[in-house]
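Let chain F serve as the given structure and place chain B on it in line with the hints.
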Amino acid sequence: MSTPAEPLTKKQLKADHPTWCPACGDFAVLASFFNVVQKLQIPHEKIVCVAGIGCSSRFPYFVNTHGIHFIHGRALPLATGISLSRPDLHVFVFGGDGDGYSIGGNHLTHAARKNVNLSYVIMDNYVYGLTKNQTSPTTPIGRKSKTDPRGAIDRPINPMTQLVATGATFVARTHAAQVKHMNEMFERAILHPGFAVVETLSECTMFYPGAFDSGNPRKGGEFELVDETTQDLESTDAALKLAEDNSPGKFGVYFEKKLPTKNELEWQWVNDAQAAAPDISGKDLLRKRFASMR
Amino acid sequence: MPETHSPASAPDSLRNAVIRLAGYSQDGIQSIGGFLAQLAGSTAQDVMTYMTIPSTISGGPSIFQVHLGSGKVLHPGDEADTLVAFYQDSYDNHLSSLRDGGICFFDSDQVKELNHDREVIHIGVPFTSAAIEAIGGSAKDRGKNIFVLGMLCAVYKLDRERITEIITRKFGKKNEDILRNAMLAFDAGFAWPVHDINHMPFAPGENKEANRLSSDGNTMLATGLIAGGCRFGAGYPITPWTSIMEMLRSELPKYGGMFIQAEDELAAVAIAIGAAYSGHLAITGSSGPGLSLKTEAIGYACMAEIPLIVVNIQRGGPSTGLPTSVEQSDLMQAIYGSHGDAPRVVLAPRDVEDCFYTAIEACRIAREYSTPVIILSDQAIATRIEAFPEPDLDQHWREPTLDLDERGADFKPYPLDKITRHAAPGSRSSEGKYPVVTGLEHDEWGHPSSNPQNHKAMTAKRREKLVKLANSLPAPDFHGDEQGDILFVGWGSTYGPICEASEQLRRLGHKVGSLHLRHIHPLRNGLGDIFNRYTHIIVPEMNDSGVYGHGQLATLLRSVTCNPAIQSLNKVEGITFRVRELVEGATTILSK
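Going down the list, the protein sequences come from chains F and B. As numbered in full-length UniProt numbering, residues 1 to 294 make up the first sequence, in order. As numbered in full-length UniProt numbering, residues 1 to 592 make up the second sequence, in order.
If we strip away everything but chain F, and leave its shape as in the complex, we get (with noise of 0.2 Å):
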């Protein structure tokens, strides 16, 4: 990572004041994505931040970085675009759970098992809530909303199970009320070479008020951490079996793995089709290809 000319400041990384409404939980993922950023010293011109739709979703807007806001669903495969189309950047891409586990869940599990390089943050809040509370492909069966009003009765997916079993290399849970550990999740994710994402369990005040107070100590729950020394985080099997525990579950990494990644097989290919004919222009290449066609 080269370092910037002048030291990143949160300041600088700053942008409009969130549209979220207060004590979302989404202002403590803003706040600890500011401390990760300038503690890394990221050169600023080369952060991008990526987001489909959703409250979550207006990340972009609340950072002054390069920024794409994108429609519903498909923030990863753009994303996959600019990682990459331009392996110099810092590709981060926010959304919520019903962006990135129902209408983009397809995209997830190709991004994952291609392992682009990016950090990708669910604010997990189990519900939507730009739309006004309706039930979310992780909210529990019995919940009551807009869309069941008798509760839900549809099974919630597993985050964890599901991340793991996309095949993403690396895969963690925090929640936005423990600000250190989501700091130590984020940065993790931001060194990991690959496909890293970060479920965050962020609390909808408005319309899930208490969603995840049994993680929190302060709310009388119980934050639980993965045990990394006892834990084998290259083991699929042992972040499945981790994944087995009821909502919240345990807090940390599940899966860690170096794999190569899409970005290096691509441009290995990009390199050794290069260095093949060194010496050609391109504009020559195109002429010898016609030049077959006669």
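The set of hints was computed from the structure by calculation and includes no laboratory data. Mixed in with the good hints, there may be bad ones.
In silico DSS-like pairs for lysine-lysine, Cα to Cα no more than 25 Å straight-line [claimed, not checked]: (1) B:Lys174 - F:Lys14; (2) B:Lys468 - B:Lys456; (3) B:Lys433 - F:Lys46; (4) F:Lys10 - B:Lys412; (5) B:Lys433 - F:Lys283; (6) F:Lys11 - B:Lys412; (7) F:Lys11 - F:Lys180; (8) F:Lys146 - F:Lys180; (9) B:Lys170 - F:Lys288; (10) B:Lys412 - B:Lys468; (11) F:Lys39 - B:Lys433; (12) F:Lys11 - B:Lys170; (13) F:Lys262 - F:Lys46; (14) F:Lys288 - B:Lys174; (15) F:Lys14 - B:Lys412; (16) B:Lys174 - F:Lys10; (17) B:Lys173 - F:Lys288; (18) F:Lys46 - B:Lys412.
Just chain B now, with coordinates in the frame of chain F:
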């Protein structure tokens, strides 16, 4: 071609020949057609091919029709002069496509000659057993396509040396055995005693340009994108678009770029937009159903003002429709397919050669106007082979650049008085303020805004750049009489049949002009003035006449010019117009 045939002997020689090869797709009839096309192209003869392929994995009836000619060949030929039938059903189904007096070669190992009253010459040749014998028995019936090629080469007195050179180039790369077997089959076919039919040789071509290429539309579209500066893209396989993505995937790394196979159409367009946002000219593409899936993201690219090339190789629709047949029914989808007012540019190539130049034009427009540009090609252009002069790359090559210059205090991502030029990530801001590119309605700095006056101004900004483009467009391609009875207005692959039909009608004494549009949206200004000089404006299109009686371009032209003389000639049979159909259609309209 024997050197003794000077232009003086032209009356004794053949100027045009339509050869239809009918068999199954696994028999390699496409490669015979491809060899003939390449030969014709490289010996200054003109060529156009026509192919049907079944939408099965392997096998199924398939034809390849080659129209070879010494003048300009504009269409694949209404009727065949020569039919080569490999199987009974190929014979049964295609004998009717042969003109009276034409020759039918059939595989006497497979085909029983029918009792019929057609005035055609029948020649049975045991393709299957003769090829097996030539190669040495163990090769099954693999070489029979090359055997037939050798036979056709002898019958039409084609340039044997040149064609063996093309075969060597094609098979020599694989291994010596394959090449040796191919040459044995070719020689056996060449020596087969069918010369007594004494077919006339071709006259030397009138097209004297050196360096003529033979290729198909998808290949020329892909090479045009490379020449135009596209280096990144993504796609998802769908017929008949797939060959473009296959080619870009293997070619772009050589040019320092990459093409990604995405998990679905939505991801493909999103990846391409990501690369475009990053400062590259990027491309995605598909065929009809895939374009529908990409539609939301294309609307985003209009709103966010992203330079993006979207290729649509049209096929028969709606839904899965006719995946391997041709249709021009995605025009409205290309122009208007979106939620909201989402102006974008739509171009259509008229033939294989034009695919290259249309792609270059699309790259230029996308870059200059920071807009998505949809290229509407179709299955007919995509798969057929034509010969044309080699493009001059000194004139058309565009080296891609990545602009990461620092942006100053005056930088705004969405200025109201200028066309948007995005600052790609990686470019510094002298003021320390970085832009957000967005699909929310935004102000000049990219901040979300629902202010009524702002939305009105931004909608106008996105529209006016297309108006500016319309004002700069060149006059469309025009042939024939500048006023009179009929003006044909066409787009896409109907170009050849329309030109030919308009010539035939002129020979019948009618005053006919033909106009072919590459720029479908925006249309060039002043078309209405041209239309006013004709009694009838006929728009042939391979789409349905719809509830209101007009095809898709005709509907658009009627709404733009308010000219009631615009009428449609529609065809939805999954195959291209025959020249005869256009002549008859126009004659009927004239007689009303």
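Output the indices of the hints that this structure fails to meet, ascending.
1, 5, 8, 12, 16
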